[in-house]
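Keeping the supplied structure of chain A fixed, place chain B upon it in accordance with the hints.
Number of protein chains: 2
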Amino acid sequence: MTQYRAPVRDMLFTLRAVGGLDEVAALPGNEEVSDDLIEAIFEEAAKFAGDVLAPLNQPGDKAGCVVKDGVVTTPDGVKSAFAAFCDNGWHAMPASAAWGGQGLPQLVNTPVIEMWTASNLAFSLCQMLTVGAISAIEHHGSATQKAIYLPKMTSGEWTGTMNLTEPQAGSDLAAVRTKAVPEGDHYRITGTKIFITWGEHDVAGNIIHLVLARLPDAPAGVKGISLFVVPKFLVNLDGSLGDRNDLVCASLEHKLGIHASPTAVMSFGEKGGAIGYLVGEANRGLEYMFTMMNHARFNVGLEGVAIAERAMQQAHRYALDRVQGRPLGCEAGKPIAYHPDVKRMLLDMKARVEGLRATAYFTAGRMDVAAKSPDPAIAKKAQALVDLLVPVVKGFSTESSVLIASTGVQVHGGMGFVEETGAAQHYRDARITPIYEGTTGIQANDFVGRKIARDGGAAAKTLIADFRAEVGDHAGLAAALNTFETVVGWIADAHAAHPERTAASAVAALTLAGIVVGACLLEKQARAAKARLDGGDSAVLTGKIAASAYYLAHVLPQVEGLALAITQGHEAINAFDPGAI
Amino acid sequence: MTQYRAPVRDMLFTLRAVGGLDEVAALPGNEEVSDDLIEAIFEEAAKFAGDVLAPLNQPGDKAGCVVKDGVVTTPDGVKSAFAAFCDNGWHAMPASAAWGGQGLPQLVNTPVIEMWTASNLAFSLCQMLTVGAISAIEHHGSATQKAIYLPKMTSGEWTGTMNLTEPQAGSDLAAVRTKAVPEGDHYRITGTKIFITWGEHDVAGNIIHLVLARLPDAPAGVKGISLFVVPKFLVNLDGSLGDRNDLVCASLEHKLGIHASPTAVMSFGEKGGAIGYLVGEANRGLEYMFTMMNHARFNVGLEGVAIAERAMQQAHRYALDRVQGRPLGCEAGKPIAYHPDVKRMLLDMKARVEGLRATAYFTAGRMDVAAKSPDPAIAKKAQALVDLLVPVVKGFSTESSVLIASTGVQVHGGMGFVEETGAAQHYRDARITPIYEGTTGIQANDFVGRKIARDGGAAAKTLIADFRAEVGDHAGLAAALNTFETVVGWIADAHAAHPERTAASAVAALTLAGIVVGACLLEKQARAAKARLDGGDSAVLTGKIAASAYYLAHVLPQVEGLALAITQGHEAINAFDPGAI
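Protein chains in written order, with the UniProt record's numbering: chain A, 1 to 581; chain B, 1 to 581.
Only chain A is shown next, with the shape it has when bound in the complex (with noise of 0.2 Å):
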């Protein structure tokens, strides 16, 4: 079996160090937020995410979800944990008070969301698309939609998805084809969507799908689509269940990973029509998704911290037991951690599992300034980093997760590709997460371009100078800000007129600064920890200054390598037809 153990004293270490946890704790409406709660809530859902949730994962990944007559099955274990899930109020926790959330800030939430997604990401899917659909009920729907769905949908009694994909219509929204067609006080809802996470399941007893359609009189492209509730059972007026609507899973997707998360093709109308309700206005849904874009973005990139870290603990446990050969320097009988080379791997993955959870951290922290800051120029100069860090914690924590489930394989050797193990899961899990809520590429384009030329490079320049001021006497990193910032104004000036010179350069573009943030941060707790070092807790002040003192060593390098590529080598690739070989 494999374990799953939250690190939450690093977690606390983290959020204090580098989150801002004293500045959101003082914000207007946190003054329940205190170090005793924060420290309670996390050994509880420690306990839940390690006793309940994590021993389900490679049981889920191994029986999966079965589809039968439109009927699915979860994995063994799931329904019951999801009741117990919602009974102990970890599904309602990161909803507002309002609909019986804890409305607690989102600081605070991501270190929980961490530990759900890292003991079992399959199931973690489930609240965290219901949480999409409460946030888009809760920002544009009517009071009724509000009354009606958000209580239940916050409880987990109900649970939500979002139904934007279709075959022909990914990471192009433009296509959508879905029609929405009025009927009286609703509408007749018809069309395919694929990919829909948790799209149909045993765990609830009702599912609020969101869906993406088109009104007959809709403009073309991304300005005709419009945004309806099509629950599973239609909603009488007194809140019971009435009528099976018009919808059904078709079948479900045989995938690489998160076995145990039900990835539905939907049908909907296939007897005359879905019945759906509009979410505000007409041919607004897509705007209307991309209010909530940066917190879909952000949790997806916390999955790839999430990840890492479980990949990182299953490695080190591993390795920790494992005996073979003599390691260098060693007694006979040390385990194979002690091995120069799996030492490096170890600490490979340690550092940069710590460098994307305190860049996710920092950004959780600037979310909750941008929201509550009663300063405007303090929360919209918060409100700038949020969205310039967004797509770097997407793309880099997912693209990072990746590469460390890949080392974790490899420090557990032929027994890595034994699927008993656990370490290969990790492995195939971690490979959607690059892909799903916009693939790197999409991070990529949205940073250089919506992120970086609009402001001019401002907000960028802005982070720099931040960083400047706290670790700019540290040489290396020193360099390094320098470098991003000439990359800065390099994509500030080539976008406009060249803007494929800048797509071509994108995806170096996030991954150089993912690193810096990465690197400027891990000595930022270093620092904080050799401060520490006597009174704290030994064994996190430790790590945190050997992750850092690896980071600055061995990743930070790669930075120069990365901005002479983004400044030199678009035209490579600009000059490539792929059509041609």
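Hints are not guaranteed to be accurate.
Same chains, same names: a pair is fine if it fits in one copy or spans any two.
Here are the simulated lysine to aspartate or glutamate pairs, EDC-like style, with alpha carbons at most 20 Å apart [as the list claims (entries may be wrong)]:
{"no.": "1", "residue 1": "Lys-62", "residue 2": "Glu-420"}
{"no.": "2", "residue 1": "Lys-62", "residue 2": "Asp-76"}
{"no.": "3", "residue 1": "Lys-334", "residue 2": "Glu-500"}
{"no.": "4", "residue 1": "Lys-62", "residue 2": "Glu-419"}
{"no.": "5", "residue 1": "Lys-530", "residue 2": "Glu-571"}
{"no.": "6", "residue 1": "Lys-381", "residue 2": "Asp-22"}
{"no.": "7", "residue 1": "Lys-152", "residue 2": "Glu-138"}
{"no.": "8", "residue 1": "Lys-530", "residue 2": "Asp-577"}
If you're looking for bench data, these hints aren't it; they were derived computationally from the structure.
Relative to chain A, chain B alone:
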């Protein structure tokens, strides 16, 4: 169905431009090697690979092998494909003419083996292991053993295996415990071996196991291990099959990939001892294994090239077919291959594959020169280059194949995560290659210790000098060659006094070498292509130029950062105590 078309024109170009085909064809004993012969062989092999083996790759992955009461059934179609493979002479081809093979140069065999591996990695392993077993018997067996086993193993009537690993003896074969007790003219073998590739199956009439075991009076450690032939069915003196030997497939591993390759747990001697015959002298088994190591490791490195090529073809075909969004600067309807970031991914895959192939073919050519050159100085130099480059081919090609297969999934977007598409299989299959036949860490330690430090960096400096003479007028390559030389000097200086430093930096050093060698050979190819651009196959030649331009602009710049990590990053690794966090 996923396709594979062997890149025959590309292979021929590479053989000529960097493989040293003319030099190899001029070696004594290679009189029959002509352009016509090679092209004819490659075209025929390409047909068999594309038409017979490739279509079995995905169904074989899905079905996997099944074991029941020690009897293994391979997926549908594998048995008849293996029979056709033997009937057409492909199984025998790489063996020496003395036993029915063709005795062609390694350089000519290499692209053909690449085709088998690319079209069906799981299938190809049966021949690869058999060729290894043939080689062991050929070099170290008695005349009788050769006469009994080699003709039938060459034809494929019988196959061979290598039984090295035991649960407690993976990378450390010194820990082998399997026992061999003398009994008349043979021995009784008792013990359990794991990870035995094609250890049991239904495609051939007999399986000739080569087994490492210890004699009762053997010294401890690596100098007490002997090599035995242990056939599944005993062989009568007339060559007919006798009794079933006392060995059985106890189970098959449930693996991440290569599902159609049965990976057996083999149990020897449950009924008193399997009958085995000593190969060569007692206690020299490990030494015998090491004599075949260069070829075995080279072949696994070639698997990295092959699977990366297959993943690239799959991604390339998908990206030229799939339409989604309007690529920047293109008319509507252009496929996703023309989005700049997708173009980048396709070109990244292509450039890396071709860099790996060039390095492998260059090394293959040197193997032939080392084996057959009448000039001892030339042969010696070639052997030194082979010894230097084999761990690079093995370690860097296989690690790169994981990265390339991952990019292949990414090119597909959400469809890449769906198993039916086929991209995910390459991502799963590739993951074994950096593990078996010596992990990347083991290759890297061999590279820095035996291949660089032992001769004070002489072989590496020879290679650097050759490249400098050929492509040193390119500023980027000149700088990279200087950096490589500095790193070689640092390794040679540091290794004896501080082996923990070179061990910690070993994988980075191997990676650096892989990049620099690949870059020099790609540039050499691009120059050859430019010289022939008007006359040759323009798609291949244009592709060579594009690949080199990309590699030099995007991959080569990593070298300086790696050099910094190598020479200055060991301290961070060695200071880390994985047991203290």
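Evaluation of the provided hints:
1. Lys-62 / Glu-420: Answer is both; intra-copy 9 Å and inter-copy 18 Å each pass.
2. Lys-62 / Asp-76: Classified as within; 11 Å inside a copy, 24 Å across copies.
3. Lys-334 / Glu-500: between (53 Å within a copy, 15 Å between copies)
4. Lys-62 / Glu-419: Classified as both: same-chain Cα gap 9 Å, cross-chain 15 Å, threshold 20 Å.
5. Lys-530 / Glu-571: between (45 Å within a copy, 18 Å between copies)
6. Lys-381 / Asp-22: This pair counts as within: shortest intra-copy Cα distance 18 Å, inter-copy 66 Å.
7. Lys-152 / Glu-138: within (13 Å within a copy, 74 Å between copies)
8. Lys-530 / Asp-577: between (52 Å within a copy, 17 Å between copies)
In the structure shown, no violation is registered for any of the earlier numbered hints.
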